[in-house]
Amino acid sequence: MCKGCHFRFLYTLDSPGNAIEWHVICQLPNYGPLYLLPKYFGAGVKFWVAKEERWWNPGIEVLKALIRPNTKAIILTVEKSVQPDRSAKKYKIAIFGDEVFRPLFYDDTPTPPSVISLGYDNTISTGLVSKAYSLPGIRIGWIISPNKGILQRIIAARDYTTLNVSRIDDAIALSALPHDVLPKIISQILETQGRNIEQYDQFVKRNSDRCRWVRPRGDGTAFIHFSGSDGKPIDEISFAEKLINDFGVAVISAGAGFREEEVADYKGYLRLSLGQRVETVAEGSRIIELAMQSL
1 MCKGCHFRFL YTLDSPGNAI EWHVICQLPN YGPLYLLPKY FGAGVKFWVA
51 KEERWWNPGI EVLKALIRPN TKAIILTVEK SVQPDRSAKK YKIAIFGDEV
101 FRPLFYDDTP TPPSVISLGY DNTISTGLVS KAYSLPGIRI GWIISPNKGI
151 LQRIIAARDY TTLNVSRIDD AIALSALPHD VLPKIISQIL ETQGRNIEQY
201 DQFVKRNSDR CRWVRPRGDG TAFIHFSGSD GKPIDEISFA EKLINDFGVA
251 VISAGAGFRE EEVADYKGYL RLSLGQRVET VAEGSRIIEL AMQSL
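Following the UniProt record's numbering, the numbering of the sequence shown begins with 1 at its first residue and continues without gaps.
For the record, the hints were derived by calculation from the structure and aren't laboratory data.
C-beta atoms are modelled at their ideal positions from N, C-alpha and C, and glycine is treated no differently.
Check each hint, because a few of them may be wrong.
Claimed, not checked - In silico lysine-lysine, DSS-like type, Cα no more than 25 Å apart, as pairs:
1. K89 / K64
2. K148 / K232
3. K46 / K64
4. K46 / K92
5. K184 / K148
6. K267 / K46
7. K92 / K184
8. K184 / K242
9. K232 / K242
10. K51 / K184
11. K267 / K242
12. K232 / K205
13. K89 / K184
14. K90 / K148
15. K64 / K92
16. K90 / K64
17. K205 / K89
18. K184 / K232
19. K205 / K148
20. K184 / K205
Said to hold, decoys possible - Ranges between beta-carbon positions, derived for each pair:
21. S130 / G231: 20 to 26 Å
22. D201 / D170: 19 to 25 Å
23. D209 / F247: 20 to 26 Å
24. E21 / D209: 27 to 33 Å
25. K90 / E21: 51 to 57 Å
26. S229 / P146: 50 to 56 Å
27. R212 / K64: 27 to 33 Å
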């Protein structure tokens with residue numbers, strides 16, 4: 001168990017004194033630091049863009065076209081059923097799976113395998129208690145890899161970055177992870193989020209002339225597209241500001257978190273929590289529906 005898992009892996013990707021620019025491929029949408037940190041460390045970054053019309057599956061053929069001789073890692077959000085292992089093996093590229101939402105799957109389709117179960121040695125998985133296990137603020141996670149060399153470099157980097165973790169965080173995390181506790185936590189979260197998915201689904205159906213989405217199979221966030229009365233995507237940042245300022249409803253505009261110039265703008269998309277209380281989601285959806293009348 002550790003703190004700063006993402007930083008440590010990305011920090012160890014480049015070799016000391018390497019004069020050649022290195023390169024990573026990052027699935028988008030994604031957690032910002034997973035591509036901002038490589039940029040900070042001097043890497044070139046190309047985005048493997050997921051699109052709604054492909055059910056948010058970015059496509060293996062697109063990935064192959066992004067690979068370069070100096071590509072060192074493919075960075076994934078593994079809730080999407082993507083398995084780029086063959087392409088990675090061919091070029092000896094590390095596959096990094098940010099699996100912080102991995103326990104959260106809602107339907108009866110087969111669960112996508114963890115990246116470390118792909119039969120490829122150069123794979124890394126990270127997890128975190130603050131996301132899927134609903135312990136926000138507890139900054140404790142873990143790194144798993146079948147590659148001992150990768151783990152040794154990460155352990156060495158820990159001595160120079162985050163040597164120790166909070167004893168309080170450590171104790172709280174350990175109290176949630178035992179086999180007689182964790183399944184109860186996950187079960188409660190899945191029940192709540194499953195009911196909220198149904199609420200959002202009904203919301204989209206009621207407003208099908210203005211809203212659309214791909215019903216999530218996993219993860220902790222609804223990703224809904226909103227159109228104005230003219231049929232064009234709304235200014236999602238302005239609408240999010242209106243919701244919080246006028247109605248006290250907090251949503252996150254996708255453009256604020258995922259927009260990349262000349263790559264993807266996700267205009268019109270809002271991110272809505274699946275993990276809030278069922279009653280809160282019901283009331284929030286009602287208010288959003290009311291606010292939509294002004295669009």
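Earlier hints that do not hold, by number
The structure breaks hints 2, 5, 7, 8, 10, 13, 17, 18, 19, 20, 21, 22, 24, 25; every other hint is satisfied.
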